[in-house]
Amino acid sequence: MSVIFSHNMNHQFKTEIAEVFTTLQDKLDFANCLACGMCTAACPYSDVHDEMDPRKFVRMCLLGLKDEVFNDNFIWKCNMCGRCTMLCPMQVDIAGLVRTLRGNFGLTAPGTLQDVVENQVKTGNQMEVTKEDYLETLEWMEEELQEEIDDPGAKIPVDKVGADFLFLWDPREIKYYPLDVQSIAKIMHAAGANWTCSSEYWDATHYGLFNGDDKVSKILLKRIAEQVKRLKVKYVVVTECGHATHAQRWGKNVWLTSKEGNYPVFNFVQKEAEWIKKGIIKVDPTRNPEPVTFHDPCNMVRKEGIVEEPRYCLQKTVIDFREMWPNREFNYCCGGGGGLLAMGSEIYPYRLEKGSLKAEQIKRTSAKIVVTPCHNCFDQLSDIIKHFKLDVKVKHIHHMVSNALVLD
Amino acid sequence: MDENIEKYLNVVPGGETVNNYKARICGSVAVVGGGIAGIQSALDLAEMGYKVYLVEKSPAIGGTMPALDKTFPTNDCSMCILSPKLVECGRHLNIEILTNSQIVELDGLPGNFKIKVKKEPRYIDIDKCTGCGECAKACPVEITNDFEKGLSNAKAIFKPYAQSFPNAYAICKEGIAPCKAECPAGVNAQGYVALTRAKKFKEAAQIVFEDLLLPGTLGRICPHPCENECSRAQAEGAVSIASIKRFLADSQPRPRLDIKEFKDDKIAIIGSGPAGLTCAFELLKKGYKATIYEALPVAGGMLAVGIPDYRLPRKILDKEISYLTLHGVEIKLNTEFGKDITLEELKKEGYKAIFLATGAHKNRMLGIPGENLPGILAGVDFLRQVNLGEKVDLGEAVAVIGGGDVAMDAARSALRLGAKNVTIYYRRSREEMPARIEEIEAAQAEGIRFKFLASPTKVDKSDDKLRMECVEMELAEPDETGRRKPVPKKDSKFVEEIDTIITAIGQQPTIDCLPADIELNEYQSVDCDATTLQTSVPGVFAGGEVRTGPGIAVEAVREGKEAAESIVRYLEGKDLKANRNKKQKVAEKPVINSEMPDVKRVSKKELPVEERIKDFSEVELGITEEEAVREAERCLNCGPCSECRQCEVVCEADCIDHFQEEEILEITAGAVLLAPGFKEFPAEKLESYGFGKYPNVVTSSQFERILSASGPFGGHLVRPSDNKEPQKIAWIQCVGSRNLQEGRDYCSNVCCMYAIKEAVIAKEHSTQTLDATIFYMDMRCHGKDFEKYYERAKGQGVNFIRSRIFNVEEGENNTLYIRYALEDGSIKTEQFDMVVLSVGLTPPEGAEDLIDTLQIEANKYGFAKTESLVPIETSRDGIYAVGAFSGPKDIPETVTEASAAAIQAAGLLTDAKNTLIESKTYPPERDVVGQKPRIGVFICHCGINIGSVVNVKEVCEYVKTLDNVVYVEDNMYTCSQDTQIRIKEIIEEQGLNRVVVASCSPRTHEPLFKETLKEAGLNEFLFEMANIRDQCSWVHMNEPKAATEKAKDLVKMAVAKARFLQPIKTTTVPMTQKALVIGGGVSGMTAALSIASQGYPVYLIEKEKALGGMANRMAFNHQGEPIKKFVENLKEEVMEDPLIEVHLNEEITDIKGFIGNFQTTLESGKTLEHGVVLIATGAKEFKPQEYLYGSNEKVKTYLELEETISNQPATLKGCNNLVLINCVGSRNEEHPYCSKVCCNQSVQLALKAKEINPGLNVYVLYRDMRTYGYAEEFYLEARRKGVIFIRYDLHQKPEVIQTGEGLQVKVKDHVLDDTLVIKSDLVGLAAATVANRENEKLAKFLKVPINEDGFFLEAHMKLRPVDFSTDGVFLCGLAHSPKPLAEAIVQGKAAAARACTVLNKEEIIAGGLTAEVDTSICSGCGTCESICPAKAIEIDNREKVAKVNEALCKGCGACAASCRSHAIDVKGFESSQIVAMLEEIG
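Residue numbers (the working numbering), protein chains in the order written: chain U, 1 to 408; chain V, 409 to 1890.
In short, the hints are calculated from the structure, not lab data. Heads up, the beta-carbon is just placed ideally off N, CA and C, and yes, glycines get one too. Incorrect hints may appear among the rest.
Sample of chain U residues facing chain V (criterion: CB under 10 Å; computed from the structure) [claimed, not checked]:
| id | residue |
| --- | --- |
| 1 | Ser-6 |
| 2 | Leu-28 |
| 3 | Leu-65 |
| 4 | Glu-68 |
| 5 | Trp-325 |
| 6 | Phe-330 |
Computed cross-link-like contacts, DMTMM-like style, restricted to lysine to aspartate or glutamate with a CA-CA straight-line distance of at most 20 Å [claimed, not checked]:
| id | chain 1 | residue 1 | chain 2 | residue 2 |
| --- | --- | --- | --- | --- |
| 7 | U | Lys-27 | V | Glu-1150 |
| 8 | V | Lys-1268 | U | Asp-26 |
| 9 | V | Lys-1236 | U | Glu-360 |
| 10 | V | Lys-770 | V | Asp-789 |
| 11 | U | Lys-14 | V | Glu-1659 |
| 12 | V | Lys-1101 | U | Glu-323 |
| 13 | V | Lys-1588 | V | Glu-1555 |
| 14 | U | Lys-14 | V | Glu-1685 |
Whenever a hint applies, use it, and build me the whole structure from the sequences.
Below is the structure:
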């Protein structure tokens, strides 16, 4: 317990925050707070780490304790998962508040997060993949696919003007997991999708969402909007990546004008579900006989409401699907959200402490595979599995789908 | 007065003259909603002299209260305190109760509204219904019991609750069931299914027999359109209605028709198919014996010759047809119409009406070459031959052309006749096949082959074989019938060699036999009027397939029924068309939920394939009784009433009318009061709490029912999942309140208190120690005595945890888990057996329509909009909103508003007062003096309140043995309306002259029973009551045997006293129709004006120099509105009102007298005479002793701060920090109550201060923010504007310190746990509101009580909030308890209304149970005079004896006890009577 003097309380702080708050709600809504504690109870990590008390954090902001706020661990250690305030009766958005504070008051993101953002702005993708490497990878995977399915017609179209949709990749897929490219392309081929990739800006990820830099965010979003315009596609499909989906969907509403952002954005899982449902692709669940559980990425489930589609895909492509508990919008963050995964090795032990909850959840299902349509969650889950020595593999939805695909 | 009217003159565009206005106003008021608000308004208005229409939507008045268990803060039983009011309202001469009713139209002007009221059918005549409940016992349909909040089921014929008024049942009908609606013949499927479920097979069969001549036939062959529409079809499959019908028809004997008298008119029916037979049957039921002419050698038409025996055995059909002949209907076989008998001949023979039902027996032709070759048979001809037993040689290979039922029948028959290969050729695909799926599947199972998309084009014959040339077809786009049209495929010709071809591509009406003057239509069927079925020839009707073309049998049945109806009308000379084909409302299909158990449709037993193709034995074997019942149990009761009409059978009172229709009543009312109540927030919307998903998560209203003795668990505290007693219960507050996400940002006002009450009562109900925890944000106990209740609950171990709950999770055994955060940030997870959701209040069902119909404004939440300075008034003149309809409220506030609204409405109609009312007359009193006592005893079970402990039957038997007792009976509820009627009848029948009721407390129920005696012509004092509930069953609930013995003793004593009861005469005392209002604050002034508006003079006494009271110091109200002008206007109005005599600067030195006759002496020596007294003496601001108040001028009370803000706003300009501290002198040991106004005042002060100086930092230090109701919005606004709210505890109060740099306030921040040190320029203190010391003096004058806090204590906190137990004395405003201005205004009006109910009487009744002096013994010693607390005895100095003022005497008996000469007795409690009671128990 310490003493706070009224002259140290900056009553303007609230207004300063509101002025720069990027939101679709009323910018001042965080001041509605009643300090009721629902958020603290809702935060899965409030009893894992002492500083994870969203109520206290909001209180400090509202009391105008500026220095204390900027020195608070909460700012960079919160996963911005939004579970705390999804049911907030006063419509306080703590994830939004955290983002606003991260990016608008001269803070520098810790660890490697800042570098990732800068790289992305500079090189067009967060992993500095060159255009040559990128195109080569796509070509290589196209050939692999043609060989796999013995069909020279299988293509990974690049810069196909007038395609139905533009597909955005996660650079990890290009750089580290090229087989993911093949898996996705295989599904596209089976579905007869009229799709394209861009040769220019193709990175769906968006680390401006995590460091809170709205200027960066705007640049990144504009790049995508330009590709949509250039390639004359009807809509955008984002690869299985949670934060990227949120950034592309919500982001175009806050960072672009309504004219600029006048295109729908879907996650690839939505397309997969749609194709299975309509019988456009045929799947055989017996190809995936192991017990499977599913981890809901916060950015997809809570922020974008993509809840049933991944489940539908799994119900159709695996034999034994088990929910973890809690699930859907009540699911716990993996512990790597909010950019923590990009903050480097220092934060590793911390996020694995968070990961203990997820480890428990997974263990209780006795599943052998944990599926998640998010690269961030994928890495955190991999770390969790390693650290807690779980006998489980991590997969994306498309892995299960492409494995179950029945090609005519 | 006239000023008052002037307000209303402007309602008419261009104004109106006073005379016109007076001429049009009408002395009646419509009150919408029969809850406690509506009841109170109605009673007040009726007593004030106005006729009332009480319009209630549901079948019973009572509203929410009957479903509550206990009420806070007194823990009274809700039903018990309401019940007398229900009865009083129900029996009031000038209140007309319209149940099942709602206003649908309103026209006219204030003072004279023309109102249309829609009265929905109840299907019960309430005047005849005795509420006996036999009907419900007989009813086979269970529905969700809404009164029990879905925790149990009720019957489709129901009475909401035991004490309902009117005490009558009602039937729940949403429309006819979809199955019945879909049946062409209108057979009541739901009815017989419901009765089958109840195993009332005979009754079920009776419904079938009533509706159908051929149930066994139809049960077999009907394609049952009913099942297609069955609601259960949405789930696992339709109820197998046809099988149930068949089961009933096969298993139940059919009783003969009871036909009283046969008519002579001759009717001919041509054709004995289903249409003809049904027509004959319907005519027979009406007493007409028709004659049926049939061309074939058998009766039954297509049923006999078109359907093979394996589907419909001939003996079934024959038996059903024989039912007609059994009753004398003649069937002439082998008589072909047009040949053997003609229309002309029939007419000549005296047939007055003829029904043509010749069917459709003509085969449709293929239209291909070779069609007439031998070996090619027409389907219907083939079937007829088979059915008539003719031999048909088919050969081995048979082709059947067609895809309908006839094709299937022909193919399957061919198989049974020995054909080896039977193939069906159909030109479309299987999907388009018109035959029933069962038929197709059966045919396939039996080995019949199908060739789809094949069509014959030509037939040749060679070598005894037929060569059928076919083409393959393909389907093109759908044609106009919606089916895809088959077109031949190119070069797809193929040839089949066949022995016999049977063509079955359709039939045509049999019209060749008809006379030429019967007109035909373009389809070559008889052209009739679609409704009457009359042909072009009058008196000749046609129906069935000859009119409709080929169809299903049950359609022909409909035709037969309609024809019979027409024929009877025709013969009786009635209009053929009137009132036919009325569209009946079809009930909506129930929503299938996931909880519904999955019960598969019964699988019908069939003969094995190898067995069945051997011969024509019946294939389907029917279902067993057990299967029929199980199948019937799958019915979802769509009606929900099944119209089985078993209720009618058992109803002795003959009160049921299933054909009752909606009525539109027109009433005229001068004003409209809206009190439709509220609806609880739908808890299932907050999914995270699991309501509707987890069985042990219940709403607060469900919990009330769980606690209630009359509830679904008989008052045993159990959890729904396993009926076991819970050991830990959690309450979650603010469910649907204080929630922006749900658009419900207001506080629902009542939930904190009801949750505390539920926790306290639950602990009492628990057999073990119950752990009760309430999760809350702010405990809002702002009402009178609420804070004490809260403190008491803490003392009783209820846990209060300040935390809003995120979600509830369910674990094993339906146990619930809650993870919550404490204020310090620590997290706990706790396990509970049950969770109660404290659901908030929302606008009532139908509020939108009501608001729309009456064209009043709603607020943003959908409640009626009212303004705080003119509460109760809606946006439309003459229409007032009462109770929760304008926002969440508790019962006392609602009741207060009800009275206030009554006088508000009355104020509009003063000139028509007493013009539409009737007064009650009683039958002349029977003289019983000198008669031997004949005592009747009525013993009450009080549901289970008495009955579960005391053996009531045993007490009855015992009481029968007592002397002078001539009649004894026990009642479930002796207080119910039907029992009152019964008591009157028994008094009459048995010649009773004394009545004893053994039930509950005379305090609540004696007036009711006395009234009953009066109505029966007995003096009301010939009544005695034994309290075997409160004083017996309740206090000895664990000793049933001893309690039964005690009950016997109590009744024995009552009987002993009753033997000595004598009639007591009452007298009347004139009423001085003037009022005295003490206190000239806002509530006093409001009350004075309201009373004056009713035309009664008022004396208004104010001790200060000026009117205004506390309001003189206030700048704004709780809504932040300035009030100065309002107060000034009020003062002016009072001063100018000619009926109000204001006495300023005046104190009262004495008040003498009693209701109707008070004399008040003023300090100035003046004496005033008046009939009633209103206490409106207000309260005062507490002078704080802490926080440097008084020693530092920067520390001010809120009122002082308010004065500063309004008078010297500049003071705030230079300030940086303002600290407001709540609860200064409230909610502590000294004043253990909440001052109610301060939280809101702090918010408004903060907002005003911010408005003046936006840079000012305002801190509000509070204990619980009690911004109840809509004030929550201002609390939110303040937070948004940057006001910092910091919570403190009583044990860690803030500190205010004077430092060298000025004032400093230290307080611990409740969230951060850090100490905040605020350098303050100004500090405001929420000084408590405390009672005036002078109250004690007034209390003595008027003999009214004050509570321990010095405020006046009303007669009853819930239901008599502005009355005193002392008649003729009322209270309002702060003298009652601290409250904001708006509530004081309402209370002022309410007190005025209550006063006017008294002032409207010309005389009051005195006497009764008063003291009586035997002057022959009295020595005039004066002891009694000195001891009488009511000041009712004086010594007559001349005669030297004591004299009793009967109007003052309360009958307390102090005088009698003190009289040394035994000269005084209290009537009704005479020594002889008491001694007799004591002697009984020796």
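Discussion item. To test your reading of the hints: which numbers does this structure violate?
Written reply: none
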